[in-house]
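Colleague: Let's have the full structure, built from the sequences with the hints guiding it.
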Amino acid sequence: MRKFLLLVVILAVATFGIAFGTTIHVLVWDDVMSQAVQTLIPQFEQTTGINVVFERVPSGNPILTKEAVGVTPTQSSYDLIALDEPFVPKFASAGLILNYNDWPEGNVYKKIDLNSGVILPTVFDAAKFAGNIWGMPINGNLYVWMTNELMLDNPTYQKEFKAQYGYDLQVPQNFTQLLDMAKFFHDKGLYGFAPFTLRAEGSTCEAVWMFSSFGTGIIGLENGKYVVTLNKEDAIKAMQYYSQLLQYSPPGANSMGHPERIAAFSSGKVFTMFQWPALIPNSENPNDSMVAGKIAFSVPPAGPAATASVRGCWVLAIPSASQNKAAAAEFAYWWASKDVQQKLASMGMASVREDVLMNPDLIAKYPWYKAMAESMKYAVSRPRFVDYAELSSIVQKYWLAGVTGTMKPEDAVNGMIQEINNLLKTYNG
Amino acid sequence: MDENKRRRRGFPPSLYFILPATLTVGIIVAFPLFYAFFMSLFNWPLVGAQRTFIGLGNYLSMFEDNEFINSVLRQVGVVVIAVPIELIIGFFVAILFDRKFPGSKILRSLVLLPAFVLPVLSGLTWRLMLAPQYGPLTYLMQIMGFPNQAWLANPQLAYATVIIQDVWRMWPFMFAFIYGGLMNVPKELIEAAKIDGSGFWNTILKILLPVLEPTIAIAVMFRIVDILRIFPEVYVMTGGGPGDATMLFSLYIQEQAFSFFNIGYASAMSMLLLAVSIVIAIFLAKNVFEANES
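Line order of the protein sequences matches chains B and L. Numbering follows the working numbering, with no gaps: position 68 of the first sequence is 241. Numbering follows the working numbering, with no gaps: position 193 of the second sequence is 195.
Some hints could be false.
As the list claims (entries may be wrong) - To be clear about the criterion: a stretch of chain L counts as covered by chain B if any three or more of its residues have a C-beta under 8 Å from a C-beta of chain B, and this derived list gives those stretches:
| hint | stretch |
| --- | --- |
| 1 | 36 to 50 |
| 2 | 101 to 113 |
| 3 | 154 to 161 |
| 4 | 266 to 275 |
Hints in this document: simulated from the structure, not taken from any laboratory. Don't be surprised by glycine CBs; every beta carbon is placed ideally from N, CA and C.
Modeller: This is the structure:
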């Protein structure tokens, strides 16, 4: 009888998958969204009985280093990690993270069916590599275009612009208009655009945005081997175009990061620029911004070849060596659940769920949600490549040299191609 | 066990006293060093576990890696330019403070302040001070008639700024060492020289410099070893950019280890950095201290 009772208890625990008192270690990036999630965790702990140690680490190298050191094939310090999407291939190919198909079913919260369309397919692509899905994208992060409505609706500017260029001043629809408007406002002592030109991942994103808009990729797969697909002519045109935009940007355009861009746009002197949704609240805060409530959100202007919106999602992944996979999956399902996503969205955090993003009440409160959903149709990713960090470093180096005038665009493109070829030679063997 | 027995066994009692220190040093210093050397012999990706023994492969790769060679040259440039400037400023300020004047005690403490500023804070402060739109230094320079310049966006200026920042932060270190040395120089020596008609420069060259040589050597040695490890201030100021303009050796090691995950290669470079530091220390110790002893 005793043995039977013991068996029943064991089976019950096994069936429910997670035991009360389980503690999971979650490693995520640090921004307003992860801070907001942390405030909701007690609700998850109460519902599931799972304790969560939630570690927020600055994005970029700090979190990547922790993940690289803390997650190995045989042991893991974390049960759930947030991977910046370009690094999914590295961790997936090393066998460090679990295929999404192998994620346990949720006990309290339902596992998201990828074919249900709840999360947009373009967002789920962030977690894809080599035909498999390696986790769950948890923030709908991609380029959203912002235009200063105070400048846009100014009758004097409208009249003068029309007289000078022959069409209405509006949210720029294409690159020709973007350049015209940037020049127009620069001539007025204002600025047309705010670039990203620091030697950081943001510059790779700018390069990808421009290259895609001009119709060229960077690398691609051919017969199972990676090859350079960067078209010289298109790449040179992209660099030249961006160089022109820099001329109409604020002083110090050659060394602008997000703080400088946000400050410039919020001061009301910049006409138009892209922004990541997580950073939009900075410009919509009336205490910090002179353009709060006066921003038009849209998809990025169309380039000569395409409209492109660079995607930068965080992907929740379960380390293969995690001892608490079921509890980790439960936490991920909770985070992606409609209830939690709605709570986050009502705090201004962009959702990955289309049903939340397109909620009319939320769109009225946060107008960039609609632009985000639209932009997702034009989402482009950075190259999906195992040694992405090296590739990105090369792209940054030559892109910045080409657009800031340290090198001629022709030389910069040649240098970029040559170094990427060297990298691929090593990678392809 | 009595003393005789212990002696017979060749087990001196002093060993008991140095054992804790030896063990501590062994664990804290020696083990990481050996482990770093061990890693440097492998192609060791930080992500994943497939490491392969390649012997001295990483060391040989360094000399085919242009980025590595350039980063070393940049680092040598910083050392060769910054350390002498810090030495000269520190030396003359020490001489200035050796003469008592009103407020010298307070000023002496104040000039030391930059050396206590955390490198990362110093880098951030300089970055903000030089911001093209809102930086106070940029504003001051504009008032003085200079054009609005994005210092950290121009490769040459960014490199110069890294050096200026280091000089600003670390000349007080040189000052502290040399001032300490100056306090121990017998005043009679200087006064005797003055009575004999020795001028300011002559006193410095013929008396102070020879007397202070060991002190200066130690200060320079510490500074060189320290500046070879320069990292956080440059990382937050420029991140190695623009382009590769400020990608110093230490930043390149970090990039290889934690951006590209080549921990074996990064370890090999770290071992080289350590070897260079040791060689410099031995060279200075041998040439200066032994010369003084003889």
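Colleague: So, for every hint listed, does it hold in this structure?
Modeller: Quick rundown of the hints versus the structure:
As drawn, the stretch 36 to 50 of chain L meets chain B at 4 residues by the rule of a beta-carbon pair under 8 Å; at three or more, the given contact holds. With 0 residues carrying a beta carbon less than 8 Å from a beta carbon of chain B, the stretch 101 to 113 of chain L misses the three-residue requirement, and the given coverage is violated. For the stretch 154 to 161 of chain L, the stated coverage by chain B is satisfied: 4 residues place a CB nearer than 8 Å to a CB of that chain, which reaches the threshold of 3. With 0 residues bearing a CB less than 8 Å from a CB of chain B, the stretch 266 to 275 of chain L misses the requirement of three and the coverage assertion fails.
Going down the numbered hints, you'll see the structure goes against 2, 4, while the others check out.
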